[in-house]
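Colleague: Chains as they are written, first to last, in our numbering: chain A, 377 to 717; chain S, 377 to 717; chain F, 377 to 717.
Hints are computed from structural coordinates only; laboratory data are not their basis. Be careful, since some hints might not be right.
Copies of the same chain look alike in the list, so a pair counts if it works inside one copy or between any two.
[To be verified] Listed next, the in silico DSSO-like pairs over lysine-lysine satisfying Cα-Cα at most 30 Å (straight line): (1) K569 <-> K421; (2) K421 <-> K460; (3) K700 <-> K713; (4) K700 <-> K668; (5) K617 <-> K424; (6) K564 <-> K437; (7) K437 <-> K668; (8) K489 <-> K437; (9) K564 <-> K489; (10) K421 <-> K668; (11) K421 <-> K617; (12) K569 <-> K617.
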Amino acid sequence: MGYTLEALAALVDGQVSGDQHCIVGNVASIESAREGDICFFNDIKLRKNLLTCQASAVIVKQMDVEYCPGNALVVADPYVSYAKIAALLTQTEPEPARVDSLAVVDPSCQIAKTAIIHAHCVIERNVRIGERVHLGPGCFVGEGSVIGDDTWIAPNVTLYHDVIIGERGIIHAGVVLGSDGFGLANDKGRWIKVPQLGKVCVGDDVEIGANCAIDRGTLEDTVIADGVKIDNLVHIAHNVKVGAHSAIAGCVGVAGSSTIGAHCTFGGMAGVAGHVHIADNAHFTGMAMVTKSITEPGIYSSGLPAEPNRRWRKNVVRFRQLEKLENRLRQLEDQLKNTKG
Amino acid sequence: MGYTLEALAALVDGQVSGDQHCIVGNVASIESAREGDICFFNDIKLRKNLLTCQASAVIVKQMDVEYCPGNALVVADPYVSYAKIAALLTQTEPEPARVDSLAVVDPSCQIAKTAIIHAHCVIERNVRIGERVHLGPGCFVGEGSVIGDDTWIAPNVTLYHDVIIGERGIIHAGVVLGSDGFGLANDKGRWIKVPQLGKVCVGDDVEIGANCAIDRGTLEDTVIADGVKIDNLVHIAHNVKVGAHSAIAGCVGVAGSSTIGAHCTFGGMAGVAGHVHIADNAHFTGMAMVTKSITEPGIYSSGLPAEPNRRWRKNVVRFRQLEKLENRLRQLEDQLKNTKG
Amino acid sequence: MGYTLEALAALVDGQVSGDQHCIVGNVASIESAREGDICFFNDIKLRKNLLTCQASAVIVKQMDVEYCPGNALVVADPYVSYAKIAALLTQTEPEPARVDSLAVVDPSCQIAKTAIIHAHCVIERNVRIGERVHLGPGCFVGEGSVIGDDTWIAPNVTLYHDVIIGERGIIHAGVVLGSDGFGLANDKGRWIKVPQLGKVCVGDDVEIGANCAIDRGTLEDTVIADGVKIDNLVHIAHNVKVGAHSAIAGCVGVAGSSTIGAHCTFGGMAGVAGHVHIADNAHFTGMAMVTKSITEPGIYSSGLPAEPNRRWRKNVVRFRQLEKLENRLRQLEDQLKNTKG
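Chain A on its own, in the form it takes in the complex (with noise of 0.2 Å):
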């Protein structure tokens, strides 16, 4: 199965360049590609590929067409018409809607007539399932949760009770939403868990990688946004919300009730500490140490990249002398005045 150009030009409102009745069927590199591929560039540096490129039709900015000796589709840009093109051929036929025998559904659920509830799922009292959701192999779906149309859910997920999940999200295997915030209370020296109340309300087109787990909130609810993107293997603590269209990378952590605004993202390992707020477009870089509110959009960064062994070491003494250097330097420039008073 396979589109012209011209189809394609249509969806991603791009121009043909070269052959519009060109027939392409395969998403490849631009390395890699061969006859019936469409690839995409987009890094100017890399130019000389195009010369030697095999695809069908490349995928490029006005400004590269010149460089394309083939079939072009210019648009705006690459990597976006790219992503859609790809998603259109590499659609797959849905599988047919059924709740396995061997799934465990409580009578009390409603579950659409097209849902896909694959085997060894258990889904408790009240949940509510939407149309063409996909429950893969071994997931489990606690008491008044509800999940969205079209929403994917891989294998071995856990979803608590009262889970609140959007259309169209993709939540990855080994996924947990709804355990417990981290909430104690110290009593002389024991700690006394303090009762996780609230839900966890995940938006619209919300994916969540493998291995994440998300904390129900404890009075009010841990709140995942609209367009969200999470890596794999994310914390996300209780009460926290995650502003529309942020995103966040790999093994972040996100402490207790704090609040990120829309359109940030995280680096991968970054680190948000409880109860700051962080404003819209905040951008923080990977293993980003976020212990303050930011307050101004922009770029945020700490960490010290890594170094041979040796001086690294070297700079770790000094930096522990840094208060002893300051004052070293202080006396120098006293010593100085006085020199020259």
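Given chain A, put chains S and F in place with the hints provided.
Modeller: Just chains S and F now, kept in the frame of chain A:
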């Protein structure tokens, strides 16, 4: 269902200010509370909230009771009292005991009559499961493991063989206890596995957050003592001992054979190197990097808080020049000494 | 069941000092060993332990044999020899091959007759499972995946479609292989998913720790080469290549499209940025932040070890003033130059 303030006062050793026959049935936050709710107040900066609070009663310290226009429950520690009252008010009817017909339980196991074993669990030989234990759907319990009375285990938890869990524990979804430690011997460039033969021993009243992984010991056991609380996505390596009533926040990693004292706390994403010993009552802020033994109680920190990317880049360069900077300073000092001499 | 020292010496290419007919049946630590046990000794600082050791034999280097009052097995590398002997002594009877009646296996799959498929597994179309493979309860294996001979997979593991695992692998509980990479294109503020079409290819003799997540490639494959060992809670992003015999400790994250050489090691919680290349034999200490390509073998580090909170606070302030401090120093230098001139 509700309780009088008088009854709650008896539970938490408090005094009622106002109507001791007032009945409360739910907990809420001070901002969202309504008639019939009880909330707690702890933060003198927010005393004005007491004036507008709609709760039927507020749990407060003696010093704050004069700011309460309505009923108050006066206690030494409002948060601790709140935790106890919330636990009482949110108690749910226990599920009826049963071994689900879709669970696979080896006939050699000792399963208490009051235990609940959900569908799709697999319980191997010689496992002992105590009174009122809850094992959620999809759990695996390996040979010889023991789960103490009143321990609640979420769905999709994996306990390898010889994992011993005490009483009143809470194990969240996706937890893995007893996986092999990362024990490797390097044989001329190839890693050879060192068999991991110890147990995982978890004490009483321990809570372990979603998707944590705790490895079994190599020859001795990995030990989590009584009252320890562990947040989500924490990694505890082989042979580690965590002392009683310590609390470990999300994404912390503790490397092999380290010993953590009692009553310690770890902020999120802190890391503990292997083979270190940490004294009782040591506290670590988030992302702290613990590379050496800590012999004194106290608060320990490391890491650099995120700052605007541009400033960070400059400071990173300076950090790498610290050695040189110190040399330059020393030269100036010498020079000045000579000048003076 | 036991082995004579003579037999063990043959296994590890060692020499017996003492009674070569002595039979040992178990491994133990040097402190806890008793009659019938064998232990290893590696640390000359603890030579006094040899005097009190109750083991029937100790595995030692030539230089330590004179300190052993009893039987010794003299080898080049006691830890490697111990690993081999421990593997032999702790061998267990293999489980009988079977496909559990509660497993769901698509008829198109090729399952070796000697494989063990436990209850509640789901194996989709066209999966190939090799000889003596062990698949624990609750595992999912997606369409077209391949598991090589003698690979052991723990319970509750999720393999998406087209995940290729070599021979003699060990995959711990909760692992997810083949989840979608974090590929997103930003279309005027909204994230569009980029289809993730590559495979995950895992070589022979690879061990992957509990709750790890390894994403499939975008167009090419994510590759874990032969002999790689990965600890718990490690995140490997799409398109990453990990070279042969590298070892990655717990909670490490490797961002997309990075290439790691052979024989590298990563301490716990180290982070590798995207699109970097790391040479063979590069070693990173715990929490190292790898932001650039590493072209030379060696040891690399970053991060600041934890120190008392009060001192840390001061040093953080100084760090942020490094730029100013350098300026002040430069002024002094200029001033002194002028003074001298």
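Colleague: Against the earlier hints, flag every one the structure doesn't satisfy and list their numbers going up.
Modeller: 8, 9
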